[in-house]
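With chain A's structure known, arrange chain B on it following the hints.
In order, the protein sequences belong to chains A and B.
In terms of my numbering, the first sequence opens at residue 1 and continues consecutively.
In terms of my numbering, the second sequence opens at residue 175 and continues consecutively.
Everything labelled a hint here was simulated from the structure, so no lab data went into it.
Please note that the accuracy of each hint is not assured.
Residues of chain B clear of chain A, computed beta-carbon distances all greater than 12 angstroms [what the hints assert, rightly or not]:
1) 266
2) 271
3) 273
4) 292
5) 320
6) 360
7) 365
8) 388
9) 396
10) 417
11) 425
12) 453
Lysine-lysine pairs mimicking DSS-like chemistry, simulated, CA-CA at most 30 angstroms apart [claimed, not checked]:
13) B:183 x A:104
14) A:100 x B:185
15) A:104 x A:162
16) A:162 x A:11
17) A:4 x B:183
18) A:11 x B:183
19) B:176 x A:104
20) B:183 x A:100
21) B:176 x A:100
22) A:100 x A:11
23) A:162 x B:183
24) B:185 x A:11
25) A:4 x B:185
If you're wondering where the values come from, they're calculated on a predicted model, not measured in any experiment.
A virtual CB, placed ideally from N, CA and C, is assigned to each residue, including glycine.
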Amino acid sequence: MGRKRALIAGKHLIYCFGLIFCYVLQTTPGFLQIFGVKPFLVIPAVIAIAMQEGEFTGALYGALGGMLCDMGANTFYGFYTLTLFLYGAAVGLALIYLMKNDRKTAVLCCLVYTGGMALIEYIFYYLLYGFAGNWQVLLFQLTPRVLYTCLVMPLFYFGERKLFDYFSRRTEEI
Amino acid sequence: MKDFFQSTKFKILAAVFVVLCAFMLRATMSGGLTPLTSQLLSVVTTPLQSAASGVSESVGGLYRHLFQAGEIEEENAQLEEKVRTLTQQVADLERYRRENEQLREYLEIKEEHSDFSFASASVIGRDTAERFYSFTIDAGSEAGIEKFDPVITSDGLVGLVSEVGKNYAKVLTILDTTIEVGAYDIRTRDIGTTSGDITLARNGQLRLNMLPKDCTVSQGDLIYTTGYGGLYPKDLAIGEVTEIHTDSSGMSMYAVIDPLSDIETVKDVLVITSFEGQGEQVFE
Numbered sequence: 001m002g003r004k005r006a007l008i009a010g011k012h013l014i015y016c017f018g019l020i021f022c023y024v025l026q027t028t029p030g031f032l033q034i035f036g037v038k039p040f041l042v043i044p045a046v047i048a049i050a051m052q053e054g055e056f057t058g059a060l061y062g063a064l065g066g067m068l069c070d071m072g073a074n075t076f077y078g079f080y081t082l083t084l085f086l087y088g089a090a091v092g093l094a095l096i097y098l099m100k101n102d103r104k105t106a107v108l109c110c111l112v113y114t115g116g117m118a119l120i121e122y123i124f125y126y127l128l129y130g131f132a133g134n135w136q137v138l139l140f141q142l143t144p145r146v147l148y149t150c151l152v153m154p155l156f157y158f159g160e161r162k163l164f165d166y167f168s169r170r171t172e173e174i
Numbered sequence: 175m176k177d178f179f180q181s182t183k184f185k186i187l188a189a190v191f192v193v194l195c196a197f198m199l200r201a202t203m204s205g206g207l208t209p210l211t212s213q214l215l216s217v218v219t220t221p222l223q224s225a226a227s228g229v230s231e232s233v234g235g236l237y238r239h240l241f242q243a244g245e246i247e248e249e250n251a252q253l254e255e256k257v258r259t260l261t262q263q264v265a266d267l268e269r270y271r272r273e274n275e276q277l278r279e280y281l282e283i284k285e286e287h288s289d290f291s292f293a294s295a296s297v298i299g300r301d302t303a304e305r306f307y308s309f310t311i312d313a314g315s316e317a318g319i320e321k322f323d324p325v326i327t328s329d330g331l332v333g334l335v336s337e338v339g340k341n342y343a344k345v346l347t348i349l350d351t352t353i354e355v356g357a358y359d360i361r362t363r364d365i366g367t368t369s370g371d372i373t374l375a376r377n378g379q380l381r382l383n384m385l386p387k388d389c390t391v392s393q394g395d396l397i398y399t400t401g402y403g404g405l406y407p408k409d410l411a412i413g414e415v416t417e418i419h420t421d422s423s424g425m426s427m428y429a430v431i432d433p434l435s436d437i438e439t440v441k442d443v444l445v446i447t448s449f450e451g452q453g454e455q456v457f458e
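Next comes chain A alone, as it looks inside the complex (with noise of 0.2 angstroms):
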């Protein structure tokens, strides 16, 4: 019984652990830029734990992710934390009653997270502001910025369902 806590508590220390880590090397200058445009690594790194872990691990996580968004972005406080919270507990809930748990699924979230947010921040932070040439921040940043992650998922997709079979397995052994 004891064994099987341990190796509960050691997944939980990596995916907190793995969630510090994307949040560093999404900050840090430079890494993975491509012509100006960094991918979302936290979010791609959320989204693979609620397909994996289901809905309340999910929200979890997600409001984790988001704090830590939140801790990098120039938004308002709070805005990636209520919404990858909610997101989280949205994409477990999914996984066991509408789609199924693959590749397709993990991209198709992640798109929609990303894609959702991207026209959020276009709008209250942009357009409705009406500077011009606005459009050019969602064509130039904001678009390749979600095709980018979406393109990074499938990584974290992997990863983490390596990630849970392994821990799986070892607690069905004990």
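Structure of chain B alone, referenced to chain A:
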């Protein structure tokens, strides 16, 4: 699905949601005061970010050194160890040179503006969701930094502090569309306001708006802060005029400015924590 909404897990998640909403409301109502959660997380993340940005910065130089070592290795394998030692020395010297440069710049600005108090900081984060090259620095309230403090390099104005944590602060640059700075042409004394522009920001430029129709501002003129408003000190260099245009209303002119500071790649900055006239008009 119905089971989930009746479960204990749902009740716990609902409680967490309420707590997160409370944190968000507090952060909004306290006017940008960094929430407790961010303060706690920053204790772990800031040192890691600092290390990561240091590694990222030195990767370019490291590749160069490795390449040279490879060439030398081909010529003479026995010198490999010596090259490695020299490479380490070069890296050390580079670090000392940078520190020396930073201190000299600090001294020069200090001599020019004796009323300034500074906190020096390094850029440790440029997030994916950054706006107009905004960044995070490795110094915060512990170093005396407060919200709205101006951020500069020895070349000129970079931006202002938008949020402060204990050991970090977020900086919005002058390329941001929400940042306006009172400015004047040092040659013609024409006064205007600089602000970010989405199109120009992609080239690292900004606008000097509201210039009189009959102004004589021309290409190559230097633009400095007026100090009006108490947010920025007087006579900080902003940039150099590259183009002059009539604005869309036809009533005034605007100039395109190249900032003197390299905002897109800036690595070390100085935060002006106090200066003569700070906050006089803004907070009265």
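Each hint tested on the structure:
At roughly 22 angstroms from the closest C-beta of chain A, the C-beta of residue 266 (chain B) stays outside 12 angstroms, upholding its exclusion from the interface. Consistency note on residue 271 (chain B): stated as away from chain A, and its beta-carbon is indeed over 12 angstroms from all of that chain's, at 20 angstroms minimum. Its beta-carbon lying about 19 angstroms from the closest one in chain A, residue 273 (chain B) satisfies the requirement of being farther than 12 angstroms from that chain. Chain A leaves residue 292 (chain B) outside its interface by the beta-carbon criterion, the shortest separation being 22 angstroms against a cut-off of 12 angstroms.
A cut-off of 12 angstroms between C-beta atoms confirms that residue 320 (chain B) is not in contact with chain A; the least separation is 17 angstroms. Every beta carbon of chain A lies more than 12 angstroms from that of residue 360 (chain B), the smallest distance being close to 27 angstroms; the non-interface claim holds. With a cut of 12 angstroms on Cβ distances, residue 365 (chain B) stays outside the contact zone with chain A, its closest approach being about 22 angstroms. Every Cβ of chain A is farther than 12 angstroms from the Cβ of residue 388 (chain B); the closest lies at roughly 25 angstroms, confirming the non-interface assignment.
With a least beta-carbon separation of about 26 angstroms from chain A, residue 396 (chain B) lies farther than 12 angstroms from that chain, consistent with its non-interface assignment. Residue-level check passed: residue 417 (chain B) sits 16 angstroms from the nearest beta carbon of chain A, beyond 12 angstroms. Under the 12 angstroms C-beta cut-off, the non-interface status given to residue 425 (chain B) relative to chain A holds; the minimum distance is some 16 angstroms. Annotated as non-interface, residue 453 (chain B) keeps its C-beta farther than 12 angstroms from every C-beta of chain A; the closest such distance is 22 angstroms.
At roughly 28 angstroms between alpha-carbon atoms, residue 183 (chain B) and residue 104 (chain A) fall within 30 angstroms of each other, so this suggested pair holds. A threshold of 30 angstroms between alpha carbons decides the hint, and for residue 100 (chain A) with residue 185 (chain B) the separation of about 26 angstroms falls inside it, so the pair holds. A hinted pair counts as satisfied when its Cα atoms are at most 30 angstroms apart, and residue 104 (chain A) with residue 162 (chain A) qualifies at roughly 17 angstroms. With a C-alpha separation of about 12 angstroms, the suggested pair residue 162 (chain A) and residue 11 (chain A) falls inside the 30 angstroms cut-off, and the hint holds.
Restraint check for residue 4 (chain A) and residue 183 (chain B): the C-alpha separation of about 21 angstroms stays at or below 30 angstroms, so the hint holds. A threshold of 30 angstroms between alpha carbons decides the hint, and for residue 11 (chain A) with residue 183 (chain B) the separation of about 20 angstroms falls inside it, so the pair holds. This hinted pair checks out: residue 176 (chain B) and residue 104 (chain A) have alpha carbons roughly 27 angstroms apart, not beyond 30 angstroms. Between residue 183 (chain B) and residue 100 (chain A) the CA atoms are separated by roughly 23 angstroms; this keeps the pair inside 30 angstroms, and the hint holds.
In summary, the hint linking residue 176 (chain B) to residue 100 (chain A) is supported, as the alpha carbons are separated by about 20 angstroms, within the 30 angstroms threshold. Restraint check for residue 100 (chain A) and residue 11 (chain A): satisfied, since their Cα atoms lie roughly 24 angstroms apart, inside the 30 angstroms limit. Simply put, residue 162 (chain A) and residue 183 (chain B) have alpha-carbon atoms about 26 angstroms apart, close enough for the 30 angstroms limit, and the pair holds. This hinted pair checks out: residue 185 (chain B) and residue 11 (chain A) have alpha carbons roughly 24 angstroms apart, not beyond 30 angstroms.
Annotation: proposed proximity of residue 4 (chain A) to residue 185 (chain B) holds, straight-line Cα distance about 26 angstroms (limit 30 angstroms).
Going down the numbered hints, you'll see the structure goes against none, and every one checks out.
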